[in-house]
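Residue numbers (the working numbering), protein chains in the order written: chain A, 25 to 162; chain B, 25 to 162; chain C, 25 to 162; chain D, 25 to 162.
The hints are simulated quantities; they were obtained by calculation from the structure and are not laboratory data.
Hints may be right or wrong, so weigh each one.
Identical copies go unnamed one by one, so any copy, or any two together, can satisfy a pair.
Derived pair list, reagent style DSS-like, types lysine-lysine, alpha-carbon separation capped at 30 Å [stated by the list, open to error]:
| no. | residue 1 | residue 2 |
| --- | --- | --- |
| 1 | Lys109 | Lys48 |
| 2 | Lys109 | Lys128 |
| 3 | Lys109 | Lys135 |
| 4 | Lys159 | Lys109 |
| 5 | Lys40 | Lys135 |
| 6 | Lys132 | Lys49 |
| 7 | Lys135 | Lys159 |
| 8 | Lys40 | Lys159 |
| 9 | Lys49 | Lys145 |
| 10 | Lys132 | Lys151 |
| 11 | Lys132 | Lys48 |
| 12 | Lys49 | Lys159 |
| 13 | Lys151 | Lys128 |
Number of protein chains: 4
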Amino acid sequence: MSITRFGISLEHRLLKRFDSLIRKKDYASRSEAIRDLIRDSLVTEEWESSTTETVGTITLVYSHDIRELSDNLNDIQHQYHQLVKSTMHIHLDGHNCLEVVVVKGRAKDIKSVADRLIGTKGVKHGKLIATTTGKRLK
Amino acid sequence: MSITRFGISLEHRLLKRFDSLIRKKDYASRSEAIRDLIRDSLVTEEWESSTTETVGTITLVYSHDIRELSDNLNDIQHQYHQLVKSTMHIHLDGHNCLEVVVVKGRAKDIKSVADRLIGTKGVKHGKLIATTTGKRLK
Amino acid sequence: MSITRFGISLEHRLLKRFDSLIRKKDYASRSEAIRDLIRDSLVTEEWESSTTETVGTITLVYSHDIRELSDNLNDIQHQYHQLVKSTMHIHLDGHNCLEVVVVKGRAKDIKSVADRLIGTKGVKHGKLIATTTGKRLK
Amino acid sequence: MSITRFGISLEHRLLKRFDSLIRKKDYASRSEAIRDLIRDSLVTEEWESSTTETVGTITLVYSHDIRELSDNLNDIQHQYHQLVKSTMHIHLDGHNCLEVVVVKGRAKDIKSVADRLIGTKGVKHGKLIATTTGKRLK
Numbered sequence: 025m026s027i028t029r030f031g032i033s034l035e036h037r038l039l040k041r042f043d044s045l046i047r048k049k050d051y052a053s054r055s056e057a058i059r060d061l062i063r064d065s066l067v068t069e070e071w072e073s074s075t076t077e078t079v080g081t082i083t084l085v086y087s088h089d090i091r092e093l094s095d096n097l098n099d100i101q102h103q104y105h106q107l108v109k110s111t112m113h114i115h116l117d118g119h120n121c122l123e124v125v126v127v128k129g130r131a132k133d134i135k136s137v138a139d140r141l142i143g144t145k146g147v148k149h150g151k152l153i154a155t156t157t158g159k160r161l162k
Numbered sequence: 025m026s027i028t029r030f031g032i033s034l035e036h037r038l039l040k041r042f043d044s045l046i047r048k049k050d051y052a053s054r055s056e057a058i059r060d061l062i063r064d065s066l067v068t069e070e071w072e073s074s075t076t077e078t079v080g081t082i083t084l085v086y087s088h089d090i091r092e093l094s095d096n097l098n099d100i101q102h103q104y105h106q107l108v109k110s111t112m113h114i115h116l117d118g119h120n121c122l123e124v125v126v127v128k129g130r131a132k133d134i135k136s137v138a139d140r141l142i143g144t145k146g147v148k149h150g151k152l153i154a155t156t157t158g159k160r161l162k
Numbered sequence: 025m026s027i028t029r030f031g032i033s034l035e036h037r038l039l040k041r042f043d044s045l046i047r048k049k050d051y052a053s054r055s056e057a058i059r060d061l062i063r064d065s066l067v068t069e070e071w072e073s074s075t076t077e078t079v080g081t082i083t084l085v086y087s088h089d090i091r092e093l094s095d096n097l098n099d100i101q102h103q104y105h106q107l108v109k110s111t112m113h114i115h116l117d118g119h120n121c122l123e124v125v126v127v128k129g130r131a132k133d134i135k136s137v138a139d140r141l142i143g144t145k146g147v148k149h150g151k152l153i154a155t156t157t158g159k160r161l162k
Numbered sequence: 025m026s027i028t029r030f031g032i033s034l035e036h037r038l039l040k041r042f043d044s045l046i047r048k049k050d051y052a053s054r055s056e057a058i059r060d061l062i063r064d065s066l067v068t069e070e071w072e073s074s075t076t077e078t079v080g081t082i083t084l085v086y087s088h089d090i091r092e093l094s095d096n097l098n099d100i101q102h103q104y105h106q107l108v109k110s111t112m113h114i115h116l117d118g119h120n121c122l123e124v125v126v127v128k129g130r131a132k133d134i135k136s137v138a139d140r141l142i143g144t145k146g147v148k149h150g151k152l153i154a155t156t157t158g159k160r161l162k
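Isolated chain A (complex conformation) (with noise of 0.2 Å):
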């Protein structure tokens, strides 16, 4: 991994606004701090993609009443076992569970996973979040 070290200018009333949000945020440095605008407009540009391998968490908020549920979501997750990796599961009080379902494979199959989940009759929230491997990001 070789590091290249590029210089940029900024305005300095900007740069001062910019360190005081980077102290809030608890950045380690002005660096790190662009570094991680670099890599999520990358990210951005790796969902866009309909080859690159990525990953995604889908996370599932709903109501371990409902009979069936969990065993539908369950089935769903195993017809895409290719691409589901793992799921991690929270008792969030005595009726309702969170589900959280990472996914990797191409953007277009994950999204089609997450509307699978989030459409599952009694799924009170659902949302996908696109990550990424982390294999280009380096």
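For chain A, the structure is supplied; the task is to place chains B, C and D on it using the hints.
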């Protein structure tokens, strides 16, 4: 849990397009799809409140080749142990790890934990998603 | 324009919360609020299509102290004259201008115009929003 | 306006990917692309503040076949005349109008105007984007 039934009117062509979107997204029914839109708008509002307890999941991708990084992430989670409910770790490949951290608390506090974790040197990509305890969604 | 009326069922408590959100947002009626959620999901889909004609508005903030900047922005808009419908210019203060550019075409082409304009040296802030021709929303 | 120059370090491969993204988006230079990322993060923060004056543009698409709709939208804008800077109207086709309303004020107040306008019966699609007065971005 008492159910209310009410009518809504929609232009015929619009309804046809919505029905085709629903099929594409595998919703069980039109009611279920509309309930999802409604619940999603309520979760958005929940996150604008400064007092309501809510839930977020933070996804982090980082290289496990970086010394002490996973210790650092661990330390931060311990500092916020009253908020952090659970963490799942996945080995994406020989170098890259994905971690999902589920956090419960006020939106503002969840954002602080996310900022701390995402800002940690070595984290390649991090994202917070806003979900819900599910309590107020029934 | 023919109207279809159909029923949806919702947990009573959820409906109460939605009704209070609707009041806060000044919606004329529950039907109108739900129609907005439905239309918004259709616009999102419209922007994922590669062929449908759609509309975007690009907002730019820039300093008019920078030489030739407004000429450059103008040139770009002329290159895309078949897409650019109209532009509004506002003098925010002695130095800052805001320009809103309305663009009609395929999502992909609208994004290209937006990238060109936002990437122009001297533009302080730029953002594209995805809206619609309205044709397919009735 | 004084300029500060500073260095940042980035993995070589990451920089190459960023450079290719920059070319795709037609940025004048790497510095300019990074400044845009920085300014965008500052605008996001500006909108989380409850006191800073900022700017938003609201895009509305509606049918001009609906009686009194444009009068209603006009009335709302007049009620907020101290915030509404300017409005542009475009005839998208024989039936559909697009209106862009530029609003200056505190984020909270801009959101109120947007909620009122978007919630008006007959508005097919409406969206607010958060931009800036530009004053604090130099």
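Against the structure, the hints:
1. Lys109 to Lys48: So Lys109 and Lys48 pass the 30 Å test across copies only (24 Å; inside, 34 Å).
2. Lys109 to Lys128: both (7 Å within a copy, 24 Å between copies)
3. Lys109 to Lys135: This pair counts as both: shortest intra-copy Cα distance 15 Å, inter-copy 26 Å.
4. Lys159 to Lys109: Answer is both: 16 Å inside a copy and 29 Å across each meet the 30 Å cutoff.
5. Lys40 to Lys135: between (40 Å within a copy, 22 Å between copies)
6. Lys132 to Lys49: Result: close only across copies, 12 Å inter versus 32 Å intra.
7. Lys135 to Lys159: both (20 Å within a copy, 27 Å between copies)
8. Lys40 to Lys159: between (33 Å within a copy, 14 Å between copies)
9. Lys49 to Lys145: For Lys49 and Lys145, the Cα distance is within 30 Å only across copies (12 Å; inside one copy 38 Å).
10. Lys132 to Lys151: Both. Shortest intra-copy (15 Å) and inter-copy (20 Å) distances satisfy the 30 Å Cα cut-off.
11. Lys132 to Lys48: between (36 Å within a copy, 13 Å between copies)
12. Lys49 to Lys159: both (25 Å within a copy, 23 Å between copies)
13. Lys151 to Lys128: both (16 Å within a copy, 16 Å between copies)
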